[in-house]
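Enquirer: Residue 1 is where the sequence shown starts when you use the UniProt record's numbering, and the numbers rise one by one after that.
Just so you know, these hints were derived from the structure itself, not from any lab.
One or more hints might be untrue.
Unchecked claim - Straight-line C-alpha distance at most 25 Å; calculated DSS-like pairs for lysine-lysine:
| no. | residue 1 | residue 2 |
| --- | --- | --- |
| 1 | K36 | K10 |
| 2 | K212 | K261 |
| 3 | K212 | K268 |
| 4 | K96 | K212 |
| 5 | K187 | K96 |
| 6 | K65 | K249 |
| 7 | K245 | K256 |
| 8 | K187 | K93 |
| 9 | K10 | K65 |
| 10 | K291 | K314 |
| 11 | K314 | K84 |
| 12 | K187 | K136 |
| 13 | K268 | K256 |
| 14 | K261 | K314 |
| 15 | K96 | K36 |
| 16 | K245 | K261 |
| 17 | K212 | K187 |
| 18 | K132 | K187 |
| 19 | K291 | K84 |
| 20 | K245 | K96 |
| 21 | K249 | K187 |
| 22 | K96 | K314 |
| 23 | K84 | K96 |
| 24 | K187 | K245 |
| 25 | K36 | K65 |
| 26 | K245 | K268 |
| 27 | K291 | K256 |
| 28 | K93 | K245 |
| 29 | K291 | K249 |
| 30 | K84 | K187 |
Stated by the list, open to error - Derived CB-CB ranges, DEER-like:
| no. | residue 1 | residue 2 | range |
| --- | --- | --- | --- |
| 31 | S130 | P11 | 18 to 28 Å |
| 32 | L191 | R13 | 57 to 67 Å |
| 33 | R13 | N229 | 29 to 39 Å |
| 34 | I333 | K140 | 40 to 50 Å |
| 35 | I78 | T218 | 46 to 56 Å |
| 36 | S130 | Y44 | 21 to 31 Å |
| 37 | F6 | T100 | 49 to 59 Å |
| 38 | G118 | K291 | 17 to 27 Å |
C-beta: ideal position from N, C-alpha, C; glycine also.
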Amino acid sequence: MNREPFSPDKPFRTYDEQIDLLIARGLIIQDRGFAKHSLQTYSYYDLVNGNVEPLLISEHPDHFKDGITFEILIQIRIIEDFLKPVFLSQILKIEKTFKTTIAYYVSENFGVNSNIGGYLDSSHYSQASSRKKRVKRTLKEIRDINDGNVRGIQGSPIIYYRTNHNHIPPWISVMEFTLGQTINWYKILPLEGRISVARQLLPSNITLSDQKCVEYFTAIISLIRQFRNHFAHNDVLSQMQSREKVNMKIINEILKIPIVKSSEILNKNMNNLFACVFCILVLSNDTNQLKIFTSSINGAMEIVENSANTFNFKEIFGLPTDLISRIQRLIDIRSN
Numbered sequence: 001m002n003r004e005p006f007s008p009d010k011p012f013r014t015y016d017e018q019i020d021l022l023i024a025r026g027l028i029i030q031d032r033g034f035a036k037h038s039l040q041t042y043s044y045y046d047l048v049n050g051n052v053e054p055l056l057i058s059e060h061p062d063h064f065k066d067g068i069t070f071e072i073l074i075q076i077r078i079i080e081d082f083l084k085p086v087f088l089s090q091i092l093k094i095e096k097t098f099k100t101t102i103a104y105y106v107s108e109n110f111g112v113n114s115n116i117g118g119y120l121d122s123s124h125y126s127q128a129s130s131r132k133k134r135v136k137r138t139l140k141e142i143r144d145i146n147d148g149n150v151r152g153i154q155g156s157p158i159i160y161y162r163t164n165h166n167h168i169p170p171w172i173s174v175m176e177f178t179l180g181q182t183i184n185w186y187k188i189l190p191l192e193g194r195i196s197v198a199r200q201l202l203p204s205n206i207t208l209s210d211q212k213c214v215e216y217f218t219a220i221i222s223l224i225r226q227f228r229n230h231f232a233h234n235d236v237l238s239q240m241q242s243r244e245k246v247n248m249k250i251i252n253e254i255l256k257i258p259i260v261k262s263s264e265i266l267n268k269n270m271n272n273l274f275a276c277v278f279c280i281l282v283l284s285n286d287t288n289q290l291k292i293f294t295s296s297i298n299g300a301m302e303i304v305e306n307s308a309n310t311f312n313f314k315e316i317f318g319l320p321t322d323l324i325s326r327i328q329r330l331i332d333i334r335s336n
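Build the full structure now, drawing on both the sequences and the hints.
Expert: Listed below in structure tokens is the structure:
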């Protein structure tokens with residue numbers, strides 16, 4: 001039986017052909033040499049298939065709006081590359097604090113013995129029948145980490161403790177956990193443990209009930225975890241979404257200021273970059289760290305404002321143009 005010749009719907013194109021295609025789609029390219037260099041540096045996919053949807057004509061999504069230049073695509077890409085490590089850095093600081101807090105709680109309440117009958121004994125953890133499988137699975141995973149039964153290379157601290165000490169305490173063990181594994185450890189703590197950890201990580205002036213503290217903290221840290229993975233995998237900024245959704249009304253409830261506007265709360269459950277920013281604010285209790293985070297975002301916004309190749313920051317990345325002033329208000333309140 002004769003097969004029809006294969007015809008790819010996305011054929012290979014040379015750099016010159018890619019430039020011609022962009023021009024045909026309405027993009028203004030005045031310097032083909034610069035455009036070719038940029039395509040070699042970033043790739044067509046990264047520049048065109050990423051954050052540009054708001055720059056396209058809605059009725060003709062393959063065609064750019066009037067006045068859109070190649071330099072604007074480059075500017076968007078530069079800002080994206082600037083912002084991703086800023087967000088990831090702040091999330092890693094939150095992760096470190098979370099790990100330190102849960103390790104402290106476990107050490108203080110269950111001890112530091114990693115052997116049989118120690119802090120990994122199931123009697124210390126939630127006895128709810130609905131959590132039984134999670135408890136068993138999570139504790140086995142931690143034991144495997146402590147015993148070195150994992151893929152990949154472990155860090156020097158846990159190897160040193162395994163070789164030179166008679167136990168691996170929680171604050172050493174947790175260094176090897178992913179954020180997801182740390183969240184699972186948190187979820188199997190007894191209720192009083194989950195309340196204690198949540199209250200330490202949420203703002204100190206919070207007046208919510210214990211139940212709401214646990215519920216809100218779990219949702220927020222779960223959303224942050226998924227964005228951490230997006231940033232680590234260098235996904236497109238404007239297309240990042242988490243499976244976990246957070247009701248934006250709770251952000252104001254926790255922070256005790258209307259940092260999320262009423263018009264934004266109407267969207268209720270959100271899982272985009274906008275939600276990620278405000279979840280980060282909730283768990284960023286160190287004012288100095290928050291100032292650095294804010295200053296870095298502000299630097300990106302100023303680059304856009306002062307550039308001839310400007311674009312609508314909110315339209316592309318979904319972040320409000322007055323974000324910095326909102327965060328600054330939060331910093332001022334926490335500093336007083």
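Enquirer: Taking only the CA atoms, is the gap from K291 to K249 under or equal to 25 Å?
Expert: holds, 24 Å
Enquirer: Hey, K84 versus K187, does the alpha-carbon distance stay inside 25 Å?
Expert: violated, 28 Å
Enquirer: Against the 25 Å threshold, does the CA-CA distance of K132 and K187 hold or violate the hint?
Expert: Distance ~11 Å between K132 and K187 Cα, so the pair holds.
Enquirer: Are L191 and R13 spaced within 57 to 67 Å by their CB atoms?
Expert: holds, 59 Å
Enquirer: Taken at face value, is the distance from the CA of K84 to the CA of K291 at most 25 Å?
Expert: holds, 17 Å
Enquirer: Are K36 and K10 close enough, with their CA atoms no more than 25 Å apart?
Expert: holds, 19 Å
Enquirer: Confirm or reject the claim that S130 and P11 have a C-beta distance inside 18 to 28 Å.
Expert: Once the Cβ atoms are compared, 53 Å apart, the range 18 to 28 Å for P11 and S130 is violated.
Enquirer: Holds or violated: are the alpha carbons of K96 and K212 at most 25 Å from each other?
Expert: holds, 23 Å
Enquirer: Are K96 and K314 close enough, with their CA atoms no more than 25 Å apart?
Expert: With Cα atoms ~30 Å apart, K96 and K314 exceed 25 Å; violated.
Enquirer: Is the straight-line distance between the alpha-carbon of K187 and that of K136 25 Å or less?
Expert: holds, 12 Å
Enquirer: When you check the alpha-carbon spacing of K84 and K96, does it fall within 25 Å?
Expert: holds, 18 Å
Enquirer: Taking the CB of R13 and the CB of N229, does the distance hold inside 29 to 39 Å?
Expert: Hint holds: Cβ distance 31 Å, inside 29 to 39 Å.
When held up to the earlier numbered hints, the structure conflicts with 6, 15, 22, 30, 31, 35, 36 and 38 and fits the remainder.
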